[in-house]
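S.K.: These are the residues of each chain, in order.
Protein chains: 2
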Amino acid sequence: MAGKLYGVGVGPGDPKLMTLKAKEVIETADVIAVPVAAAGEKSTALSIAEQAVDLSGKELLEVVFSMERSVVKREIYRKKAAETIQAVLDEGKSVAMIVLGDITVYSTYMYVYRYLKECGYETEMVPGIPSFCAGAAKAQVSLVEGNESLTVISSLKNKHVLKEALEHSDNVVVMKAGSGMNYLPELLEEEGMSDKTVVLGNVGLADEYVGPPDKDIKYGYFTTLIVKKGGL
Amino acid sequence: MAGKLYGVGVGPGDPKLMTLKAKEVIETADVIAVPVAAAGEKSTALSIAEQAVDLSGKELLEVVFSMERSVVKREIYRKKAAETIQAVLDEGKSVAMIVLGDITVYSTYMYVYRYLKECGYETEMVPGIPSFCAGAAKAQVSLVEGNESLTVISSLKNKHVLKEALEHSDNVVVMKAGSGMNYLPELLEEEGMSDKTVVLGNVGLADEYVGPPDKDIKYGYFTTLIVKKGGL
Numbered sequence: 001m002a003g004k005l006y007g008v009g010v011g012p013g014d015p016k017l018m019t020l021k022a023k024e025v026i027e028t029a030d031v032i033a034v035p036v037a038a039a040g041e042k043s044t045a046l047s048i049a050e051q052a053v054d055l056s057g058k059e060l061l062e063v064v065f066s067m068e069r070s071v072v073k074r075e076i077y078r079k080k081a082a083e084t085i086q087a088v089l090d091e092g093k094s095v096a097m098i099v100l101g102d103i104t105v106y107s108t109y110m111y112v113y114r115y116l117k118e119c120g121y122e123t124e125m126v127p128g129i130p131s132f133c134a135g136a137a138k139a140q141v142s143l144v145e146g147n148e149s150l151t152v153i154s155s156l157k158n159k160h161v162l163k164e165a166l167e168h169s170d171n172v173v174v175m176k177a178g179s180g181m182n183y184l185p186e187l188l189e190e191e192g193m194s195d196k197t198v199v200l201g202n203v204g205l206a207d208e209y210v211g212p213p214d215k216d217i218k219y220g221y222f223t224t225l226i227v228k229k230g231g232l
Numbered sequence: 001m002a003g004k005l006y007g008v009g010v011g012p013g014d015p016k017l018m019t020l021k022a023k024e025v026i027e028t029a030d031v032i033a034v035p036v037a038a039a040g041e042k043s044t045a046l047s048i049a050e051q052a053v054d055l056s057g058k059e060l061l062e063v064v065f066s067m068e069r070s071v072v073k074r075e076i077y078r079k080k081a082a083e084t085i086q087a088v089l090d091e092g093k094s095v096a097m098i099v100l101g102d103i104t105v106y107s108t109y110m111y112v113y114r115y116l117k118e119c120g121y122e123t124e125m126v127p128g129i130p131s132f133c134a135g136a137a138k139a140q141v142s143l144v145e146g147n148e149s150l151t152v153i154s155s156l157k158n159k160h161v162l163k164e165a166l167e168h169s170d171n172v173v174v175m176k177a178g179s180g181m182n183y184l185p186e187l188l189e190e191e192g193m194s195d196k197t198v199v200l201g202n203v204g205l206a207d208e209y210v211g212p213p214d215k216d217i218k219y220g221y222f223t224t225l226i227v228k229k230g231g232l
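Chains as they are written, first to last, in UniProt numbering: chain B, 1 to 232; chain A, 1 to 232.
Keep in mind that the hints were calculated from the coordinates and are not lab data.
Treat the hints with care, as some may be off.
As the list claims (entries may be wrong) - With a cut-off of at most 27 angstroms between alpha-carbon atoms, the simulated DSSO-like pairs for lysine-lysine come out as follows: (1) Lys229/A x Lys218/A; (2) Lys196/A x Lys117/B; (3) Lys229/B x Lys163/A; (4) Lys42/B x Lys93/B; (5) Lys93/A x Lys16/B; (6) Lys117/B x Lys16/A; (7) Lys196/B x Lys215/B; (8) Lys16/A x Lys93/B; (9) Lys42/A x Lys4/A; (10) Lys93/A x Lys196/B; (11) Lys229/A x Lys176/B; (12) Lys229/B x Lys229/A; (13) Lys93/A x Lys23/A.
To be verified - Which chain B residues stay away from chain A? Per the calculated CB distances, all over 12 angstroms, these: (14) Glu24; (15) Asp30; (16) Ala39; (17) Ala87; (18) Thr104.
Here the structure is a predicted model, which means the values were calculated and not measured.
A virtual CB, placed ideally from N, CA and C, is assigned to each residue, including glycine.
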């Protein structure tokens, strides 16, 4: 009988923000699938998990999701990742694929899930704390209150995406904002939002930053902005 | 020395979706503050917490947040709740106020937090799994992928709020949708979104429902809709 596939969100960084269920599933799964952008790369999700669960003696399976520009090339990597996991499931072993944050928010797991679901394998998703929830808690601001709305956007290709979100929503979260931090502080200034914005860099990790937008800081990839039109 | 105030999200229902940190804080806090809508009411947050933590012998403090229509009356309840907690903090005891879901998403904790922060007490927020993340995981759909956006809205006063969100966002979550379920299935049909919607009723609780919108079902207050314009 084929093994079961679990997609497990391990939260944004602090191992204590893993759920009891995530810990249990990682503990009991036969194999932990670890997504990386390049072979041999250190995985943040794995370093979180191993601080909460004893992984010594556990079988680890590296799956590469290359960040190629070409969608065709990325699809090849995704299919290969799914097939790598499939081979293990066919041995009757259960596999827990771990991802940073939540399993349903900008997660690489979805590609593997769709392929293996289609093939008929038993699957289950275990949610995790999204970085924006952990970031808001760290900054002690609400994400959304009363009758307000919240919009989450990512990977800003241009200024228009954030402008439109600010126009239609009371609160805006920008994820993976690192690459946009060369123009975002200025844009927020223009929109009158500078003092209504919290920047969260690598929350829960060693080089965590929580504070106002600052043009002179070099922010990492996992930078999150929380913009509250009604003020912080 | 005054005690410290913790705001703790216990997740949407399944006690295993509590974080390791939430469990630890509830275990070690001197007093657990339990928000209810009326004195003596059973608290869902408490019933979740007590399935994961042994609360026998723990001091419980009921704080009433009445759902009065009048904002002035609600403010009186909020201030009284904050003052009730303040008195305990002043005895040097730490207090963990528990809420359903995440502490930063539509949470009553914010009112207590603002008042007591202003008064100078030490405070900390512990995030929890929001119901929409747990619901998406349960339905095995992504909330947001690639360059997509996600908008979260609540307590629909009129159809326009959902229509506008659908116009500007790739994915829309409607929280506390129970009261709107008399017109939402029809509206979703009109917008061509019926087969792109998952309804999640009381996820993690005994009477959980995960499925398409259905006019003939009576949905509870904690009903969540996930609408994915690109399809499920």
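S.K.: Evaluate each hint against the coordinates.
M.R.: Verification of the supplied hints:
no.	hint	result
1	Lys229/A x Lys218/A	holds (25 angstroms)
2	Lys196/A x Lys117/B	holds (18 angstroms)
3	Lys229/B x Lys163/A	holds (21 angstroms)
4	Lys42/B x Lys93/B	holds (24 angstroms)
5	Lys93/A x Lys16/B	holds (23 angstroms)
6	Lys117/B x Lys16/A	holds (24 angstroms)
7	Lys196/B x Lys215/B	holds (16 angstroms)
8	Lys16/A x Lys93/B	holds (23 angstroms)
9	Lys42/A x Lys4/A	holds (26 angstroms)
10	Lys93/A x Lys196/B	violated (33 angstroms)
11	Lys229/A x Lys176/B	holds (23 angstroms)
12	Lys229/B x Lys229/A	holds (26 angstroms)
13	Lys93/A x Lys23/A	holds (18 angstroms)
14	Glu24	violated (7 angstroms)
15	Asp30	holds (20 angstroms)
16	Ala39	holds (23 angstroms)
17	Ala87	holds (22 angstroms)
18	Thr104	violated (4 angstroms)
Violation of the numbered hints given earlier is confined to hints 10, 14, 18; the remaining hints are satisfied by the structure.
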